[in-house]
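Throw the hints in and build the complete structure from the sequences for me.
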Amino acid sequence: MDTQLKLDVVAFSIFFCCFPVLISACSHNSTLPTVTGDVADGLCYQVIQPLGYNCSEHIVQTEDNFLLGLQRVSSNKANSGGKRGPPVLLLHGLFMGGEAWFLNGINGSLGFLLADKGYDVWVGNIRGVQWSHGHVSLSESNKEFWNWSWTELAKFDLPAMLNYVNNITNSKVFVIGHSQGTLMSIVGFTNKESANKVEGAAFLCPIAYLHWVEVPIVRMAVLLHIDQVAVGTDIMRRLCRGDSDYCKNLVRSLTGENCCFDIHKVNDYLRYGPQPTSTRNLAHLAQMVRSGYITVYDYGLLGNIGKYRRFNAPSFNLTAIPTSIPMWFASGENDPLSDVIDVRDTLSELQRSPRETATLEVKNYGHLDFLFSWSAKKDVYDDLFLFLGNHTSSVGA
Numbered sequence: 015m016d017t018q019l020k021l022d023v024v025a026f027s028i029f030f031c032c033f034p035v036l037i038s039a040c041s042h043n044s045t046l047p048t049v050t051g052d053v054a055d056g057l058c059y060q061v062i063q064p065l066g067y068n069c070s071e072h073i074v075q076t077e078d079n080f081l082l083g084l085q086r087v088s089s090n091k092a093n094s095g096g097k098r099g100p101p102v103l104l105l106h107g108l109f110m111g112g113e114a115w116f117l118n119g120i121n122g123s124l125g126f127l128l129a130d131k132g133y134d135v136w137v138g139n140i141r142g143v144q145w146s147h148g149h150v151s152l153s154e155s156n157k158e159f160w161n162w163s164w165t166e167l168a169k170f171d172l173p174a175m176l177n178y179v180n181n182i183t184n185s186k187v188f189v190i191g192h193s194q195g196t197l198m199s200i201v202g203f204t205n206k207e208s209a210n211k212v213e214g215a216a217f218l219c220p221i222a223y224l225h226w227v228e229v230p231i232v233r234m235a236v237l238l239h240i241d242q243v244a245v246g247t248d249i250m251r252r253l254c255r256g257d258s259d260y261c262k263n264l265v266r267s268l269t270g271e272n273c274c275f276d277i278h279k280v281n282d283y284l285r286y287g288p289q290p291t292s293t294r295n296l297a298h299l300a301q302m303v304r305s306g307y308i309t310v311y312d313y314g315l316l317g318n319i320g321k322y323r324r325f326n327a328p329s330f331n332l333t334a335i336p337t338s339i340p341m342w343f344a345s346g347e348n349d350p351l352s353d354v355i356d357v358r359d360t361l362s363e364l365q366r367s368p369r370e371t372a373t374l375e376v377k378n379y380g381h382l383d384f385l386f387s388w389s390a391k392k393d394v395y396d397d398l399f400l401f402l403g404n405h406t407s408s409v410g411a
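Going by our numbering, the sequence shown opens with residue 15, and the numbers climb by one from there.
One or more hints might be untrue.
As the list claims (entries may be wrong) - Under the rule of at most 30 angstroms between Cα atoms (straight-line distance), these lysine-lysine pairs were calculated in the DSS-like manner:
{"no.": "1", "residue 1": "157", "residue 2": "391"}
{"no.": "2", "residue 1": "211", "residue 2": "91"}
{"no.": "3", "residue 1": "321", "residue 2": "206"}
{"no.": "4", "residue 1": "97", "residue 2": "392"}
{"no.": "5", "residue 1": "392", "residue 2": "91"}
{"no.": "6", "residue 1": "186", "residue 2": "91"}
{"no.": "7", "residue 1": "169", "residue 2": "392"}
{"no.": "8", "residue 1": "392", "residue 2": "186"}
{"no.": "9", "residue 1": "169", "residue 2": "157"}
{"no.": "10", "residue 1": "321", "residue 2": "97"}
{"no.": "11", "residue 1": "186", "residue 2": "391"}
{"no.": "12", "residue 1": "211", "residue 2": "377"}
{"no.": "13", "residue 1": "186", "residue 2": "169"}
{"no.": "14", "residue 1": "169", "residue 2": "211"}
Claimed, not checked - Pair ranges (Cβ atoms, derived):
{"no.": "15", "residue 1": "121", "residue 2": "325", "range": "49 to 55 angstroms"}
{"no.": "16", "residue 1": "183", "residue 2": "316", "range": "31 to 37 angstroms"}
{"no.": "17", "residue 1": "328", "residue 2": "373", "range": "35 to 41 angstroms"}
{"no.": "18", "residue 1": "55", "residue 2": "156", "range": "18 to 24 angstroms"}
{"no.": "19", "residue 1": "157", "residue 2": "66", "range": "37 to 43 angstroms"}
{"no.": "20", "residue 1": "316", "residue 2": "182", "range": "41 to 47 angstroms"}
{"no.": "21", "residue 1": "66", "residue 2": "183", "range": "20 to 26 angstroms"}
{"no.": "22", "residue 1": "389", "residue 2": "313", "range": "41 to 47 angstroms"}
{"no.": "23", "residue 1": "53", "residue 2": "326", "range": "44 to 50 angstroms"}
{"no.": "24", "residue 1": "60", "residue 2": "316", "range": "23 to 29 angstroms"}
{"no.": "25", "residue 1": "365", "residue 2": "79", "range": "35 to 41 angstroms"}
{"no.": "26", "residue 1": "155", "residue 2": "392", "range": "35 to 41 angstroms"}
{"no.": "27", "residue 1": "365", "residue 2": "53", "range": "28 to 34 angstroms"}
{"no.": "28", "residue 1": "91", "residue 2": "324", "range": "53 to 59 angstroms"}
None of these hints come from the bench; they were simulated from the model. Cβ atoms here follow ideal geometry from the backbone N, Cα and C, with glycine treated the same way.
In structure tokens, the structure reads:
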């Protein structure tokens with residue numbers, strides 16, 4: 015058996031593995047205070063402050079009682095006279111947390127670059143990841159804690175974060191998402207109350223339609239319904255330890271080819287991830303690949319009748335998103351998870367004019383390159399900064 019085939023088998027087996035992920039729960043009181051930036055197990059203390067950036071930890075409670083972690087980041091380099099610029103909310107992708115925006119060095123990470131330009135950077139963390147804080151009453155060992163998919167992220171997590179940032183800053187929020195972070199945003203914006211708090215949105219590797227996902231190992235898992243079991247997040251840490259070439263090939267098996275991903279940073283990423291997700295979330299994403307539609311979770315014929323009073327899972331109406339929200343879409347020509355055809359289908363579904371939507375297709379870029387490429391600033395972020403500048407008030411840098 016050749017090396018790549020072995021790697022494909024290993025990657026395939028990840029979908030079978032069930033490693034319960036138990037994250038130490040923090041104690042919380044009912045007032046949900048802002049906590050100080052020196053919490054030893056927080057994202058600020060571990061990742062952001064050591065590189066000289068200001069960072070404070072915040073806790074946000076969702077309507078369904080999850081406790082999300084938010085970090086507020088600023089830079090001493092920004093020439094803002096102490097005044098914060100427009101607020102930007104960063105939403106991470108699947109198997110990631112807020113650390114994803116800060117692992118490519120201070121000169122290559124979007125989170126740091128935005129702070130240096132004077133933006134008021136807020137880092138969102140969804141339910142269940144390391145930087146969030148559990149649930150008001152459910153422990154993370156309780157199966158009900160994991161009874162959610164990306165629909166709940168759009169319905170509960172996004173509004174909670176938008177409301178919090180909007181209340182603190184008294185300003186509409188610019189949302190930037192990567193991968194799953196784009197899906198929860200696009201669907202979340204169909205809610206008028208959430209959309210009214212959004213100044214604009216930028217999507218890296220946008221996913222909404224997933225019909226043309228082309229990673230063979232993902233396709234195989236989806237077709238065989240292997241999404242019905244949990245994912246072992248600890249496996250990848252063990253497999254990648256001490257063998258960067260092996261790890262690079264394993265990453266390729268799961269995400270496709272990445273042209274400019276610095277393999278030497280894999281250990282940095284695996285220090286904090288892969289972050290956990292729910293089995294139901296994986297099943298929901300797999301349903302989208304199989305069906306080619308953007309729907310709520312499909313419980314099957316009888317389940318749908320009980321839940322939705324109809325045979326099929328209802329679809330989301332993307333045309334409900336207000337055209338007043340300017341959008342920027344960046345996709346990679348070599349990204350099999352956010353396929354260019356699927357992105358174009360999403361744009362078509364939105365029914366927006368070119369004046370309301372900007373697009374960037376980056377040659378040779380794969381799914382991880384948009385976060386970890388050594389040339390992401392030049393290839394992607396400079397265009398994003400132009401878009402932000404055209405749709406936000408001036409900042410200090």
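Results for each hint:
1. Between residue 157 and residue 391 the alpha-carbon distance is near 41 angstroms, which puts this suggested pair outside the 30 angstroms criterion.
2. Annotation: proposed proximity of residue 211 to residue 91 holds, straight-line Cα distance about 28 angstroms (limit 30 angstroms).
3. Restraint check for residue 321 and residue 206: the C-alpha separation of about 23 angstroms stays at or below 30 angstroms, so the hint holds.
4. A hinted pair counts as satisfied when its Cα atoms are at most 30 angstroms apart, and residue 97 with residue 392 qualifies at roughly 27 angstroms.
5. Of the pairs offered as hints, the one joining residue 392 and residue 91 holds, with about 20 angstroms between alpha carbons and a cut-off of 30 angstroms not exceeded.
6. In summary, the hint linking residue 186 to residue 91 is supported, as the alpha carbons are separated by about 24 angstroms, within the 30 angstroms threshold.
7. Distance hint between residue 169 and residue 392 is unfulfilled; the C-alpha atoms sit about 34 angstroms from each other, more than 30 angstroms.
8. Using a Cα cut-off of 30 angstroms, the hinted pair residue 392 and residue 186 holds, with the two alpha carbons roughly 28 angstroms apart.
9. Annotation: proposed proximity of residue 169 to residue 157 holds, straight-line Cα distance about 20 angstroms (limit 30 angstroms).
10. About 49 angstroms separates the Cα atoms of residue 321 and residue 97, which puts this hinted pair outside 30 angstroms; it is violated.
11. Our distance criterion of 30 angstroms between C-alpha atoms is met by residue 186 and residue 391, whose separation comes to about 25 angstroms.
12. For the given pair, residue 211 sits about 33 angstroms from residue 377 by alpha-carbon distance, which is inconsistent with the 30 angstroms threshold.
13. For a cut-off of 30 angstroms, the pair hint linking residue 186 to residue 169 stands: about 18 angstroms separates their Cα positions.
14. Among the hinted pairs, residue 169 with residue 211 is consistent with the structure: their alpha-carbon atoms are about 14 angstroms apart, no more than 30 angstroms.
15. Taken as a hint, the range 49 to 55 angstroms holds for the pair residue 121 and residue 325, whose Cβ atoms sit roughly 53 angstroms apart.
16. Hint check: residue 183 to residue 316, Cβ distance near 46 angstroms, so the stated range 31 to 37 angstroms is violated.
17. Range check, residue 328 to residue 373: about 28 angstroms between beta-carbon atoms, so the 35 to 41 angstroms window is missed.
18. Separated by about 21 angstroms at the C-beta atoms, residue 55 and residue 156 satisfy the suggested range of 18 to 24 angstroms.
19. In this structure the supplied range 37 to 43 angstroms holds for residue 157 paired with residue 66, their Cβ-Cβ distance being about 42 angstroms.
20. Checking the proposed 41 to 47 angstroms range against residue 316 and residue 182 shows it holds: the Cβ atoms sit about 45 angstroms from each other.
21. Here the CB-CB span from residue 66 to residue 183 is close to 23 angstroms, well matched to the stated 20 to 26 angstroms.
22. Range check, residue 389 to residue 313: about 44 angstroms between beta-carbon atoms, so the 41 to 47 angstroms window is met.
23. Between residue 53 and residue 326 the C-beta distance comes to about 45 angstroms, which sits within the given range of 44 to 50 angstroms.
24. For residue 60 and residue 316, the Cβ-Cβ distance of about 46 angstroms falls outside the hinted range of 23 to 29 angstroms, so the restraint is violated.
25. Roughly 36 angstroms separates the CB atoms of residue 365 and residue 79, a value that falls within the hinted 35 to 41 angstroms.
26. At roughly 45 angstroms, the beta-carbon separation of residue 155 and residue 392 lies outside the given 35 to 41 angstroms, and the hint is violated.
27. Checked against the hint of 28 to 34 angstroms, the C-beta distance between residue 365 and residue 53 comes to roughly 45 angstroms, which is inconsistent with it.
28. Separated by about 54 angstroms at the C-beta atoms, residue 91 and residue 324 satisfy the suggested range of 53 to 59 angstroms.
Violated hints for the displayed structure, listed by number in ascending order: 1, 7, 10, 12, 16, 17, 24, 26 and 27.
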